[in-house]
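Undergrad: Using the sequences and the hints, build the whole thing.
Below, each chain spelled out in residue letters.
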Amino acid sequence: MIKRKRRRLGVAPKIAASSGISAKESKVTIIDYNEKEFHEKEIKNIGECCIFKDAPTVTWINIDGLTQHELLEKLTRDYGLHPLVVEDILNTDQRPKMEDFGSYIYMVMKMLSYNQAEAEVEIEQVSMILGNNFLISFQEKEGDVFDSIRERIRTAKGRIRKSGVDYLVYTLIDAVIDNYFLILEKIGEKIEVLEEELINTPTQETMRNIHSLKREMIFLRKSVWPMRELINGLQKSESSVIKKSTGIFLRDVYDHTIQVIDTVESLRDMASGMLDIYLSSISNRMNEVMKVLTIFAAIFIPLTFIAGVYGMNFKFMPELEWKYGYFVALSLMAAVGITLVLFFKRKKWF
Amino acid sequence: MIKRKRRRLGVAPKIAASSGISAKESKVTIIDYNEKEFHEKEIKNIGECCIFKDAPTVTWINIDGLTQHELLEKLTRDYGLHPLVVEDILNTDQRPKMEDFGSYIYMVMKMLSYNQAEAEVEIEQVSMILGNNFLISFQEKEGDVFDSIRERIRTAKGRIRKSGVDYLVYTLIDAVIDNYFLILEKIGEKIEVLEEELINTPTQETMRNIHSLKREMIFLRKSVWPMRELINGLQKSESSVIKKSTGIFLRDVYDHTIQVIDTVESLRDMASGMLDIYLSSISNRMNEVMKVLTIFAAIFIPLTFIAGVYGMNFKFMPELEWKYGYFVALSLMAAVGITLVLFFKRKKWF
Amino acid sequence: MIKRKRRRLGVAPKIAASSGISAKESKVTIIDYNEKEFHEKEIKNIGECCIFKDAPTVTWINIDGLTQHELLEKLTRDYGLHPLVVEDILNTDQRPKMEDFGSYIYMVMKMLSYNQAEAEVEIEQVSMILGNNFLISFQEKEGDVFDSIRERIRTAKGRIRKSGVDYLVYTLIDAVIDNYFLILEKIGEKIEVLEEELINTPTQETMRNIHSLKREMIFLRKSVWPMRELINGLQKSESSVIKKSTGIFLRDVYDHTIQVIDTVESLRDMASGMLDIYLSSISNRMNEVMKVLTIFAAIFIPLTFIAGVYGMNFKFMPELEWKYGYFVALSLMAAVGITLVLFFKRKKWF
Amino acid sequence: MIKRKRRRLGVAPKIAASSGISAKESKVTIIDYNEKEFHEKEIKNIGECCIFKDAPTVTWINIDGLTQHELLEKLTRDYGLHPLVVEDILNTDQRPKMEDFGSYIYMVMKMLSYNQAEAEVEIEQVSMILGNNFLISFQEKEGDVFDSIRERIRTAKGRIRKSGVDYLVYTLIDAVIDNYFLILEKIGEKIEVLEEELINTPTQETMRNIHSLKREMIFLRKSVWPMRELINGLQKSESSVIKKSTGIFLRDVYDHTIQVIDTVESLRDMASGMLDIYLSSISNRMNEVMKVLTIFAAIFIPLTFIAGVYGMNFKFMPELEWKYGYFVALSLMAAVGITLVLFFKRKKWF
Amino acid sequence: MIKRKRRRLGVAPKIAASSGISAKESKVTIIDYNEKEFHEKEIKNIGECCIFKDAPTVTWINIDGLTQHELLEKLTRDYGLHPLVVEDILNTDQRPKMEDFGSYIYMVMKMLSYNQAEAEVEIEQVSMILGNNFLISFQEKEGDVFDSIRERIRTAKGRIRKSGVDYLVYTLIDAVIDNYFLILEKIGEKIEVLEEELINTPTQETMRNIHSLKREMIFLRKSVWPMRELINGLQKSESSVIKKSTGIFLRDVYDHTIQVIDTVESLRDMASGMLDIYLSSISNRMNEVMKVLTIFAAIFIPLTFIAGVYGMNFKFMPELEWKYGYFVALSLMAAVGITLVLFFKRKKWF
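Protein chains in written order, with our numbering: chain U, 330 to 679; chain P, 330 to 679; chain R, 330 to 679; chain L, 330 to 679; chain W, 330 to 679.
Bear in mind the hints are in silico, worked out from the structure with no lab data behind them. All values derive from a computational prediction rather than experimental measurement. A couple of the hints might just be wrong.
Repeated chains share a single entry, so a pair holds when one copy, or any two copies, can fit it.
As the list claims (entries may be wrong) - The list that follows gives simulated cross-link-like pairs (lysine to aspartate or glutamate, EDC-like), each with its CA atoms no further than 20 Å apart:
1. Lys677 <-> Glu526
2. Lys519 <-> Glu545
3. Lys644 <-> Asp584
4. Lys676 <-> Glu526
5. Lys573 <-> Glu558
6. Lys676 <-> Glu525
7. Lys551 <-> Glu594
8. Lys644 <-> Glu377
9. Lys365 <-> Asp383
TA: Quick look at the structure:
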């Protein structure tokens, strides 16, 4: 599930470093709006990507796919981005963080989605450049959780068209965090299924599922914890990019992040508890197996011994001559057997 | 026991979001008082809910049920609440927190109650809006822990009628926290019952009870820990809503919260310890089973072997011809058996 | 061992709340002294309890038993105590803490004593009100660890008669903390006894003792940890009640508290380690049992099989006709048996 | 893998202390450059080592091997190093740290490399003295991760030739940290191999591999954690040696360090999880063994008992005389056997 | 190994409290030096001990044994020590700490030494009083780690004779910390021996050794952790006793302390890992035992059953009459036996 990409070794930071990523074309869409106007277009020609640069309107450039280097170079030049930022955008194994470069803020976060088909959590890195009147977002591939926001901009629903680019950024982060709740729900369901299994039919497979669940949680945690710092950083940023009035919304996303973290920690605690049940359940079943063995062995071994005694070939064995010797022996066996059965019954072994 | 409600995804914060909640009517009661006057009424007409808004008296509006949206909209308009606050009130899966909006303070907390019938802890979210002379409290359903406070207001008992709205808020928080002690007591009793069971008759069921207890504690902890921050926030609030003189009472609730947290942590430690006893107790019982098996097998297998030897059909077996051969053989068996019994006795196996 | 008392629910803080406590009379003693004078008397009449209130001498009022409400009311009135303080004094399930009320400082701590008869640690709550020239101490019942201090005051030994009330408070706290060392010693002894037992004759009982030891430590910890804050609070108090010169003594008690905490943590670590030994020791013993079983079974089952073969009743079995057939068979059995014994010897099973 | 070298005991800090290290000659290379000029030479004569000392160009003196004491003494004298710095350079068991001596900054870090041949992580200590226009680096032996940087300086690629000595230091630290990712990747691969093994064929050897993996992680952690402080120290340094403009690059390395730490922690969590699988897998296999034993024993012991009964030699045993007695007995055995097989089938034992 | 001494209960701090310590005479040596002069003498007469008090030279008074109370009283009087300091010196169960009394600094630390004969770590408390031109050190008994420092003073080696008393204190602390590395090395060796044992021949004894190792580490940790604060306190002390120039040396000892702490933590982690190996190794061995038992039982029980069948005494058993019946039976047994052996081989049980 997890691929760790090695960063270039000692190589100067530059765009060419990302040559390992497949060369599929990027898809670039621009949404430009203010309270009254609204433009949306898909860019085919790199030259067009910065046309709204100097307009006072809010410009959201979204790029799906990180392979078109000329595009990145143009953006870098036109918007004056730092080479390290470009390198970070291309390296899709970043830890969520925010960096304030004065004239713009750079953010990376992890967008999680649940792949129903493979019952797996998928991680995609989203980078954002937030300037005074523009937002550039970079995604690894097409498909994201921002469609409802695009719809809201188009239909001028809510306050989004009346607010600045910092409110746009808030809605995007909010959408990312909201999606975490979906993932947590899926994991919560998995845990419930596993617990059911644990109680009824625990197998070595259950154990492996618990393990893979714990693993998923380790990586979920790695994605979520730094979000706290990220949003905190935005809240405390002295950059002019973030307006005071947006602070209250950031506080709200911050609370949601804390809630996600809390839930991840609770789920971790629960998963640990499951392991304990599993181990105790194995031990219990071994106990059961042992008891069955012991009951069979302990009852029949003495009986077999009695039969063995009267199977000896001594010349002089008085009992063998008795008329009812055989029945006496059978009764003796029955008596011993019943005594032992009662003994184990009293010990509550069955 | 725990239901995680998914928050709306990327949807603009607005009241309509709560449409998932059942449409039962809310019950609204207003208590308005100062040292001399006292009014209490149940509101049937939404228009009435803000009638005491501009009066200098303390007004406590309590709303049970979160489904009457017009009511919420009216309150929002009349008291100038932020849309995010309304959203948080409607989302009943909040983490306890307090937020200072300048002219009012918003608080969420978890009211726990013990459902005797189902032997379960029930969680209900209580939101409060605390303004200069009003308090609006929102609950998920009817029934709460505030009745004794209402009674104190009615009868002008204690200092409550002489004090402001911040003292009222203190008594409400105090009542919520006090109720946690009740829950802790119930859990403490459960632990005692479980320990008794563990020592006398541990079963797989006991294990599951320990597990569900740990789970309850995880969620209890999630409700209690943030209360610390909440009360701390109130104490340090620079808002004019909280008067200096109330600080000492808040310090008192704060101490109680710490005590609840301490107790939750101690109970967690105890529950972990129980698991260790359980596992060691299973191991001990397996040991017992093994010993029984070993004693039976180790004593009778050699005896059966001796019987087997004298059951062989060799033509020439001198012992078989002896007059007392049979008795010698029986004596030999007895000797071997007694030796083995003594051997296991000395090993302290029984 | 631990009784959790539920606090009153939503009831206004007042003295009557403590009605649950038995109505035995309180015992009140006053010690009043300065460098030259010394008075000690047992108060029978409530009116007398505040006679030294305005004297410049140091007054120590000690109250054993919390049931005489008129007395508490008088003290409250005369010394101007806050109602919450009175409530805290009466609620004997407080967490150790100190609170600065300006004109006086309120402290609660836990006095531990070891009940030799029941081999148990007993907890008693001690509350203290420290004013400019008076100290009021409240205890749950008679008997405390302060006798040597009383003796020192009587005999004017050491600096105590020359110092103020803050030095008196230091000696009292010091005596309480000193007693913790005694308790730790007792627990240390218990651990040594348990370890001896673990190594020699571990039983399910040992396990339970370890568990109850851990439990004792959980509660000891709960009593000791907050003492750190308490003393720290006294040290940092800006109240005029604590003189600069006493600071050095408080630092000393603080160091002792840290030492107690350190030791509690070490003992906890040791107790956890014991559990591991216990579990491994059970496993080892099961191994031993298994080995005995395996050796017996593995040696005698093949022999019994051989005997069984020659006990078959086939018409034509050449060996049976041999003259030394029987002895050959016995020798064969001996050979098989010895081989197996050697096999297990080489495996170091015995 | 780990050798802990004892520091000299109570001996005054001086160069002679390092006499324990083998006396192989050190290899000294000097790279001196600015935007236009570039010199690189290997020093054979100690006198030459400080020739660029007063030049305004950036001078990088790299020393492989710590045995040439005259060289160290000359550097110490010429560059005015503190004796403790020299001692720290010679003691190759330092914890990564940075110390600001005003006119120069001293840094120690751990350079990790993966020895493919022995499948082991190797640790080498790198010390650096960073002055206004010089950098002296000390390594334990030849071979490092800096070759690409040397190449960049030679070819004037990137910004390195245009920047000062602080940018050079950044590239060196970056190269060291980058190499940690390689190591983490190797460990990640090991974990994957081990997990495969755990699931398919867990042996005692697997357990030992997990243990040695955990050990490697303990030491990796010890190397990486303090790097955080080191880079933080550089960032916050008020020394004139670090220019403002380099801060952004240090922030970047800092982020990478955090990422390494995060990954180490995640790998640790995973390794712990593996242990749990291992233990549960052993328990499961014991269960399997027990079941086989129980099935064999429980089925054949009753059958053997029946055979034993009809092997008794009583005079009067009616069944023996029956014509089909033998077949009835065989059928009885078959019936008992099949019943037991069905019983275990229903218990899902096979 | 660990003796916890109870402190006096409620007794005023005074020298007589130490009466429990054996009355052997103390040994007092004075070393007095400056750059040019040097005096060393063993004091026999208490009057002599303060003769260098007013000299501007550095005076180091070392006292081995804490039993000569007149000596302590004289020092207390002459150097104006606080009674609590004297009490702390006499109580040899102190936690390492430093206290600044303005005119002098008081320090306690733990000097560890390895008793080769008993393979045990021994703890001795060293107290130091550091004044402007004097240092008084108290040790529990003769023999310490300071001999090389004395030698350096005598021979005027290094900077020690040129520096003040604060440099002397630094060298003493450095010597104490250096010795910790020796102890850690010994413990490291023990761990290696134990791991070898664990892998090859784990016994219950190994378990106990791991336990005692963990215990040693608990106490080592208790001695080392507070050293961090102690040295930190010295570094940040505003007392005139510590000169600025010594700060760099203190930073060095601080680094060493951190290194010791790091190593202790790593060793603890390793010891925990050993326990896991131990438990898994016991489980594995039980598995082995079980397999042996199962193989023997499962192979021979069916064979014995066959023999039992043909040992029945039915009148009419056709097989018994067959000419080759016996050999057919033997072949059948061989076939069954071989099948089972192959079955277990395929299950990889041997």
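Undergrad: Each hint should be assessed against the structure and marked as holding or not.
TA: These are the hints, each one checked on the structure:
With identical chains, the CA atoms of Lys677 and Glu526 are at most 20 Å apart between copies only, with a shortest distance of 15 Å across copies and 27 Å within one. For a Cα distance limit of 20 Å, the shortest separation of Lys519 from Glu545 qualifies both inside one copy, at 11 Å, and across copies, at 19 Å. Within a single copy, Lys644 and Asp584 get their C-alpha atoms no closer than 94 Å, and across copies no closer than 89 Å, so neither meets the 20 Å cut-off. In this assembly of identical chains, Lys676 and Glu526 lie within 20 Å of each other by CA distance solely across copies; the values are 17 Å between and 30 Å within a copy.
In this homomeric assembly, Lys573 and Glu558 come within 20 Å of each other (Cα to Cα) only inside a single copy, at 19 Å, whereas the closest approach across copies is 24 Å. Within a single copy, Lys676 and Glu525 get their C-alpha atoms only as close as 30 Å, which misses the 20 Å cut-off; across copies the closest is 19 Å, which meets it. For the identical chains of this complex, Lys551 and Glu594 are neighbours both inside a copy (12 Å) and across copies (10 Å), given an alpha-carbon limit of 20 Å. In this assembly of identical chains, the alpha carbons of Lys644 and Glu377 never lie at most 20 Å apart, being 115 Å within a copy and 106 Å across copies at closest.
In this assembly of identical chains, the alpha carbons of Lys365 and Asp383 lie at most 20 Å apart only when taken from the same copy (18 Å versus 38 Å across copies).
The structure fails to meet hints 3 and 8 from the earlier list, while all remaining hints are met.
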